[in-house]
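Q: Residue numbers (this note's numbering), protein chains in the order written: chain A, 1 to 249; chain B, 1 to 249; chain C, 1 to 249; chain D, 1 to 249; chain E, 1 to 249; chain F, 1 to 249.
No lab work stands behind these hints: they were computed from the structure. A portion of the hints provided could be inaccurate.
If several chains are the same, the list does not tell them apart, and a pair holds so long as it fits within one copy or across any two.
To be verified - With a Cα cut of at most 30 Å, we get these calculated DSS-like pairs of lysine-lysine:
no., residue 1, residue 2
1, Lys-63, Lys-156
2, Lys-89, Lys-222
3, Lys-89, Lys-161
4, Lys-164, Lys-222
5, Lys-156, Lys-222
6, Lys-164, Lys-89
There are 6 protein chains.
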Amino acid sequence: MTTPSHEQGGRVDGRTPDELRPITIERGWSTQAEGSALISFGNTKVLCTASFTNGVPRWLTGKGKGWVTAEYAMLPRATNDRSDRESVKGRIGGRTHEISRLIGRSLRAIIDTKALGENTIVIDCDVLQADGGTRTAAITGAYIALVDAVEWGREKGFIGKNAKALLDSVAAVSVGIIDGVPMLDLAYVEDVRAETDMNVVMTGRGLFIEVQGTAEGAPFDKRELDALLELAGSGVARLTEIQAATLVS
Amino acid sequence: MTTPSHEQGGRVDGRTPDELRPITIERGWSTQAEGSALISFGNTKVLCTASFTNGVPRWLTGKGKGWVTAEYAMLPRATNDRSDRESVKGRIGGRTHEISRLIGRSLRAIIDTKALGENTIVIDCDVLQADGGTRTAAITGAYIALVDAVEWGREKGFIGKNAKALLDSVAAVSVGIIDGVPMLDLAYVEDVRAETDMNVVMTGRGLFIEVQGTAEGAPFDKRELDALLELAGSGVARLTEIQAATLVS
Amino acid sequence: MTTPSHEQGGRVDGRTPDELRPITIERGWSTQAEGSALISFGNTKVLCTASFTNGVPRWLTGKGKGWVTAEYAMLPRATNDRSDRESVKGRIGGRTHEISRLIGRSLRAIIDTKALGENTIVIDCDVLQADGGTRTAAITGAYIALVDAVEWGREKGFIGKNAKALLDSVAAVSVGIIDGVPMLDLAYVEDVRAETDMNVVMTGRGLFIEVQGTAEGAPFDKRELDALLELAGSGVARLTEIQAATLVS
Amino acid sequence: MTTPSHEQGGRVDGRTPDELRPITIERGWSTQAEGSALISFGNTKVLCTASFTNGVPRWLTGKGKGWVTAEYAMLPRATNDRSDRESVKGRIGGRTHEISRLIGRSLRAIIDTKALGENTIVIDCDVLQADGGTRTAAITGAYIALVDAVEWGREKGFIGKNAKALLDSVAAVSVGIIDGVPMLDLAYVEDVRAETDMNVVMTGRGLFIEVQGTAEGAPFDKRELDALLELAGSGVARLTEIQAATLVS
Amino acid sequence: MTTPSHEQGGRVDGRTPDELRPITIERGWSTQAEGSALISFGNTKVLCTASFTNGVPRWLTGKGKGWVTAEYAMLPRATNDRSDRESVKGRIGGRTHEISRLIGRSLRAIIDTKALGENTIVIDCDVLQADGGTRTAAITGAYIALVDAVEWGREKGFIGKNAKALLDSVAAVSVGIIDGVPMLDLAYVEDVRAETDMNVVMTGRGLFIEVQGTAEGAPFDKRELDALLELAGSGVARLTEIQAATLVS
Amino acid sequence: MTTPSHEQGGRVDGRTPDELRPITIERGWSTQAEGSALISFGNTKVLCTASFTNGVPRWLTGKGKGWVTAEYAMLPRATNDRSDRESVKGRIGGRTHEISRLIGRSLRAIIDTKALGENTIVIDCDVLQADGGTRTAAITGAYIALVDAVEWGREKGFIGKNAKALLDSVAAVSVGIIDGVPMLDLAYVEDVRAETDMNVVMTGRGLFIEVQGTAEGAPFDKRELDALLELAGSGVARLTEIQAATLVS
């Protein structure tokens, strides 16, 4: 329940500023879903499942295109203090909405909806335990679930044998400036202290899908922005390697 | 995605009628909660966390008694087909309500609220994967989380050193009659076929806390009821042993 | 507004332990519904109406089967203290959900949905005044409304002339142990004091449809369970006679 | 279920244009509420209960004034076709809101809130059966429940012995023009046919509290308005006599 | 933020009792809607837009008739104190419902739905600033938006060239008795002080569509009612002239 | 209702790629709010009001700090097609939530909450008409309303005479790449066609508060990101001048 303190200048868990937390991905965790992954970024654990349905929502019918969407949620005691369930409150909070939309956009950016055909894939990212970076872990794990759901659709004949539905891979990482130092993959206690906080979603080829930088303390300048983007690029490159290793295993 | 068929007379997974599925309990799964357990009844997996708060709801203040309550929920793709999230629908379904209330009553039956003192323990049971018996797995796992949360409260000084807050242990199992044969701990495909379906919650000493029997097909008679209760008693006895083994480890 | 006290050992209203409260049924109370009954178990008064519709919900269409469902609710001042309306709160409580589902299951257990044909009957049970046993009164009264709605459907030609849509009758009663004595048909002040509380739904032939026993105080053993079930059986037998007398009048 | 047709010029139930339907009031119907009345205007039946609470809502605290408010609702099968419950829909409809507010305003118009003291009376008007004029029956019956709740408060010492909390009586009736003829107390089938429809709430002394006239078909002129108001006045005078007779019995 | 006081007998803004506030109508304010008007009654400002859709709601399909409906709402800071948004509260208040329904009825009273054909017009009246009389300004402005939307439908060929969809014009005004004096078009500070308050909706020809009189203080008599209706008639006549002038410009 | 087409390479309204739309700000539009501005970015019109309250939410009480928050919403017919009201749907959409949060964060970044003292300012940004860039117009206009609300608080003595509550100014603009050309302040038809879309919030001194870049079509590289940020910087500089001019007038 208590959080270890850390000396000024170092990181809470002894990492170097440009080091990811230990990353693990359990591919195919679920026996029910068409694709799934239980991903950990340190103590942050997100269960990602992909549900494949033949057919598309009504507004997309007959256009020869598929649809990918995502929903993000957190278990009530994923965090240090228990939160009320959104189902009990009867409404979804702004943060949940925002992250669900971000995950959906990130995955659609690497999907060729024409090649996917009139099929729908719903990605659920449920945070079982939270210690910072839940949205970036969710995106990184969702990609694994997505790949397997697409493969499932191909095996069942819903997607063409040679259709290249996935244009690239996608992964995400958080970066932030703490005490003037740009740092990679912030744990919760770091996130709280960051002056500037940025979530970066990139493709395996190193292009940007989404850049969301926020001044939590003082506004930031172009030089700081550049340093953070570079750090994020190196983090995503490493995550891309881990994703690739997971998918060949 | 597909369910293997099973021959008439046997069970889907080769068990004898009076055999539990493989039961595993990962005590202390969460690094955030005061007590937690990830419990499996075969492919059914439920994450149970216990959140301890010093103090009680307003309606109980000043009576020198504690409060234990529970919430049950299912991830959208815990089941074979994806369900809409209750948070998205904006309302909690009747089944969810019913099971949450059952878990809460079951745990309160073994709690001495005076000995607990003015403290609140909220149990969250989130079904990560569902294959029948989610409510009975939830109760059985919740007990482990509850024990650890009570212990946590004692260590922090919120509960008296010698206060006996837990009066007994509690576990639950489902039983049902399929093709005329009483069977223990039904998997989902069995549950669907059962003529009579019963959930039994019992204490470690073998007394009943809750008996819920429902005629799904034809009404049942006293003889069938007795057979089911006896089978449930043997199942709960075995679960009680597993709980005890978990708690000494 | 005040509740008369009662001596230890006797009952609040002078009944013997195995005696029902005065039961009255006003069949056909409503001039609007296809079937209706205003039933009283002592001061508990429930208005039951049955609404017959030709056709079934979409998920059942084309299967040649009918559908019976139920909704239970309480007027805000049915009880001693006024409760907020669920419509004002914008959500249905767990207790309401639970009882609605119980009534629906109980009625479906005596319906041959094939013989009913593709017709829907919705039973509404609205508690006008509550003094314990509202769910058992609701089930017992709902049966009368259901019989008349089925008859209405037959007269209008929606149900086959010789189709035996009703397989049996159904009634329900509460039983409980108070100060060690099993008692039948608990009034509210008795219900509050009961150590064990059980609602039993049975057919006219004496078979069980639903058995719901809950330890409110200490857990109970098999001997107590058996005593309660026997008492419930005698109560339901008497209710079955009253139902039959109502239906011939 | 079917509605008898009626000849042009007469009324559906043989009444003269200026005749009320049979009015009955069962004072003290509820054994739970501080005041209550089951009122019938023909087949329209409304259960009115008054709940007395010592104290006022927070926004009124410390001003030495009481509060009277009302809620109106209809059982789902009060009408010829079943309506979905507002609790199930999760929201209150505009018509319900409108009528609840009208009843509340009508009752507050005859209350001296200073004489009432810091007490709250909530009136619930639940329509058990509807055949036109439910809001006017509700207001007329609510007055009886209100009188008894005020009396209850006086007996319990919450209201001063000589405080004149009720300034007058209140009753209401609907009037409308059908085929050019002004008619009193419209039944449902008449209400549907009315060109102009008006609900009039008046005090026992014959003054207006609320006049709500609506052109359902063609707009109406001052002469028609005057004719309707006169007819309403005679109807309310008769209702006032019935209320007075009820309160002396 | 403060409200200037006004001497007894005169009006807050120096008007005579039978004088309207300055009325302005900006026809075609919106570049998006098929019809629109920004109307001011003094400091009360309401944006009215009309949205034309070819087709009607399902329940009206195939009857050869059109549909006109309205929604009223207030910006959170339209008033002196900020109100919570109804979207944030998750429910629409009774007052909003009541006024939306009033506007819809008022507009439908001058529409020949057969001549409109199977088309739907939705009127949105959003109060940007409120100083009393928002519902009457809304109705008066909505008429302008409605006229332009009907004209748009005619130009697009959805309404027959010679179909007379509008039977008359409609406008509304509030009247009230303050210190015994009937006054026209009440500003907010006057509305609060009025003993009797009436909203009157009339056609351009001077017939009544809706009369809603409420005793805020003491009940009122027929003589007062007549005085208010006459004052309202003169106010609506003036508004009708302003509407006509707006529509020829 | 129709959208004029535009030739390849130019802009829909004849602007150069680095040109803002006509910007107008009506400071003090509302006579009710403590600060207000009606801002236009071309056809996009947003009414921004600031509501000042002495005191803070409970969770902030006693910390000597103030609070600034924002709510964004759109009138149903602000857009070309009418949208259902969020109040009618009973829930706030993800986009609304996301933008409300962005506006709140942007304003808090330039507020010294200690200097503000224990006061709360709620900013409401209601889009009266939408043609792209509603969130950037909202932020830019909200700043004006905020300045005036802070000034109002100072005049009333709620904020210290010399307290520097505002650290800087804030404005925002959208940028995007269309047909390979970076363009400033996108109108709706441009926004739809943009491959990459970015919203940039900056201080008057030229530092970043929020950078949100999204690949709508193909992912983007660092060079494109840099070009967009530079263009945004020039746009915000121009908006800052307009804000300053507004505040001295």
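Q: Each hint needs a verdict: does it hold in this structure or not?
A: Hint by hint, here is what the structure shows:
1. In this assembly of identical chains, Lys-63 and Lys-156 lie within 30 Å of each other by CA distance both inside one copy and across copies; the values are 21 Å within and 28 Å between.
2. Taking the shortest Cα distances, Lys-89 and Lys-222 never come within 30 Å of each other, neither inside one copy (41 Å) nor across copies (41 Å).
3. Taking CA atoms no more than 30 Å apart as the test, Lys-89 paired with Lys-161 passes in neither setting, with 45 Å inside one copy and 37 Å between copies.
4. Proximity of Lys-164 and Lys-222 under a CA criterion of 30 Å is satisfied inter-copy only: 26 Å between copies versus 38 Å inside one chain copy.
5. Taking the closest pair of Cα atoms, Lys-156 and Lys-222 never come within 30 Å of each other, the shortest separation being 49 Å inside a single copy and 40 Å across copies.
6. In the homo-oligomer, the alpha carbons of Lys-164 and Lys-89 never lie at most 30 Å apart, since the shortest distance is 42 Å inside one protomer and 35 Å across protomers.
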